[in-house]
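From just these sequences and the hints, can you work out the full model?
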Amino acid sequence: MSLVTGSAADDAASKTKARRAGGAKPPAAAAGRRSRGRSLSRRNLHGWLFSTPFLVLFGVFMLFPIVATLLMSFTDFGVRDVRQPLEAEFVGLDNYVNLFGDDTFRTALFNTAYFVVVGVPVTVLLGLLAAILLNNGIDRARTFFRVGFYAPVVTSIVAVAVVWRFVLNPTDGLIAGLATELGAKAPDFLGSETWAMPSLIALAVWRNLGTVMVLFIAGLQAIPTEVREAARLDGASGWGELRRITVPLLRPTLLYATVITTIGYLNVFEEPFVMTQGGPDNATLTVSLDMYREGFNFFHMGYASAMAYVLFVVIMGITVLQLRLLKDNTR
Amino acid sequence: MSAPTATAPTGRRSEGRVRKPLLYVIASLGLLVMAAPLLWMALSAFKTKKDLTASPPVWLPSQWTLSNFSELLDQLDMPLYFMNSLIVAVLVTVSNLLFCSMVGYALAKLDFTGRSKVFGVVLIALMVPGNLLILPLYVLMNRLGLIDTYAGLVLPFAAGAFGVFLMRQFMQSVPDELLEAARIDGAGEWYIFFRIVLPLVRPALATLAIFTFLGSWNNFVWPLIATNDPGKYTLPVALATFANDPNRTIAGGNGMLMAGSLLVVLPVLVVFIALQRHFTQGIATAGLK
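So the sequence lines, in the order shown, correspond to chains A and B.
The first sequence: position 17 = 640 (my numbering), numbered continuously.
The second sequence: position 126 = 127 (my numbering), numbered continuously.
Hints are computed from structural coordinates only; laboratory data are not their basis.
Please read these numbers as outputs of a predicted model, since none were measured by experiment.
Be a bit skeptical, because a hint or two may be false.
Said to hold, decoys possible - Chain B regions said to be covered by chain A (calculated; three or more residues, Cβ under 8 angstroms): (1) 69–83; (2) 166–172.
Stated by the list, open to error - Example chain A residues on the side facing chain B (calculated, C-beta under 8 angstroms, incomplete): (3) R666; (4) A691; (5) G701; (6) V705; (7) G760; (8) V777; (9) V790; (10) A927.
Ideal Cβ positions, reconstructed from N, Cα and C, are used throughout, including at glycine.
Shown next as structure tokens:
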């Protein structure tokens, strides 16, 4: 720890191997450049050096935008201000006030809530059932089944949304064709205000079920076999074991899976963007899509920034709430 | 979709051998539902226009054709978009491997003042949704002249918090004695990092590389915003723009769209199936903390 590498490593960061060892005196120039450099031990210096690229990128591409979005949400930032950002005019809370009088935005909020309230429980429940089925139910070809259930997760949402649009197509689609064969008539899923949102939810469930399943499989495998065996010796039925042993012990995983799925679904964008463009009649317009349109189609960037912050606050609030609710139940 | 729900009631009464075949049937039905859209896509890409509009629908093409692909390539410069996606994904992956493992090492093994603050920054970065950032990010990139450049597509994703978190977890398992011994032998921190630590965490680097590459390959919102010039589109942006183009004739277009989707999805599916072990391990590690 007393070895002082000095700023040689600093300067030679990427190229030269910093093998400078033994009581080297810090070069005067470098010491002057960073006045506190002398007091930093070698560990301190390197700790910060190793963190620098990440911290710089975080500062420029995350911290700055977080603050800038907030500032923009209090201005009338428009298309002209993209070139001269400082000329945007301060409008106080106008954007936020307008937002809550905006029927389109309220529709978007409702639709996003619909997507989350229906989509999250279905995804988590089916993911849990798939995990139990593939982990405890069957022994052979487990990998094969898991790969199959997980495959949609790795696909591009845009590509599978295009595929689903075709599958749900009322004239040439797979579902419509199968329905005809059974003597029924499938609805025009994406063209109907009733069916459009459930169709998007079905796509999201299909694509995200694998992530939840893998989380639950990891959770199931962390349950000691002794616990299960003890329950069985005590005469627990399969159902009792599931309810009394498996699900309670999976609670941390359940919490994590619910939180990440909820955050993902609150941001839903690609599915409506590709499959319905928010239609029919705004039935699938989500907050993210509304924000994208206001911001990048109409260049009402101040207004869109206010939407972004409302969504952010909602996400934070719901996450905290979920952490509370699901944690308390464990006691 | 509802197939797996039947497990609980069947598992309740019947025992051992009786229930096993039934569970396989349920699992197979579930798998079929999961695979159906992708199979439909892959098969439809090779169908003639007649098969594409056949009623009742046909699964296997009565006549295999590549015409959907050639029509698609006439209208869309797929090789260009493929290269754009590949270049961006490779750059994002390489920079994540380097930067995330650097911070991960510092957080796991260097006891420096302010370490907990840096870790706090990582946790914050994990939670911030991308949608909160895109508006000022667009303005910033515009000012920097980085719209329609690879740099503009890569930089915001060059060091993801997920990667830092993952690398920190893995680096903690590297024995301290090893690092101390190297220090006593006079090795500098950079030497230790590149020559000792990185080779030891190679499996973690593989996991991170796969996830980062995949995330970048499938990324849509930012490339959609950060590119105006079709010459800089990535695959998902090109596909979405093409699919939503109101001027595109719908008749027979589905074949082209399925061919396009297949070209976007196939590379990652192949990589996934080849390296599937890393995926499940990576999720389990990151998820269970």
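Would the stated hint for A/V777 survive a check requiring a Cβ distance to chain B of less than 8 angstroms?
Holds. Min distance 4 angstroms.
Three or more residues of the region 69–83 of chain B near chain A by CB distance under 8 angstroms?
violated (count 0)
Confirm or reject the coverage of the region 166–172 of chain B by chain A under the rule of 3 or more residues with a beta carbon closer than 8 angstroms to the chain's beta carbons.
violated (count 0)
Once the shortest beta carbon distance from A/V705 to chain B is found, is it less than 8 angstroms?
holds, 6 angstroms
Satisfaction of the A/G760 interface hint, Cβ to chain B closer than 8 angstroms:
Constraint on A/G760 satisfied, holds at 4 angstroms.
Report holds or violated for the interface hint on A/G701, using the least CB-CB distance to chain B and a cut-off of 8 angstroms.
At 11 angstroms from the nearest chain B Cβ, A/G701 fails the 8 angstroms test, so the hint is violated.
Using Cβ atoms only, decide whether A/V790 comes closer than 8 angstroms to chain B, and label the hint accordingly.
holds, 6 angstroms
Could you check if A/A691 really has its C-beta closer than 8 angstroms to a C-beta on chain B?
Result: holds, 3 angstroms to nearest chain B Cβ.
Minimum Cβ distance from A/R666 to chain B below 8 angstroms?
holds, 5 angstroms
Holds or violated: A/A927 as interface residue toward chain B, Cβ cutoff 8 angstroms?
holds, 6 angstroms
Figure legend: structure checked against the earlier numbered hints; hints not met, in rising order: 1, 2 and 5.
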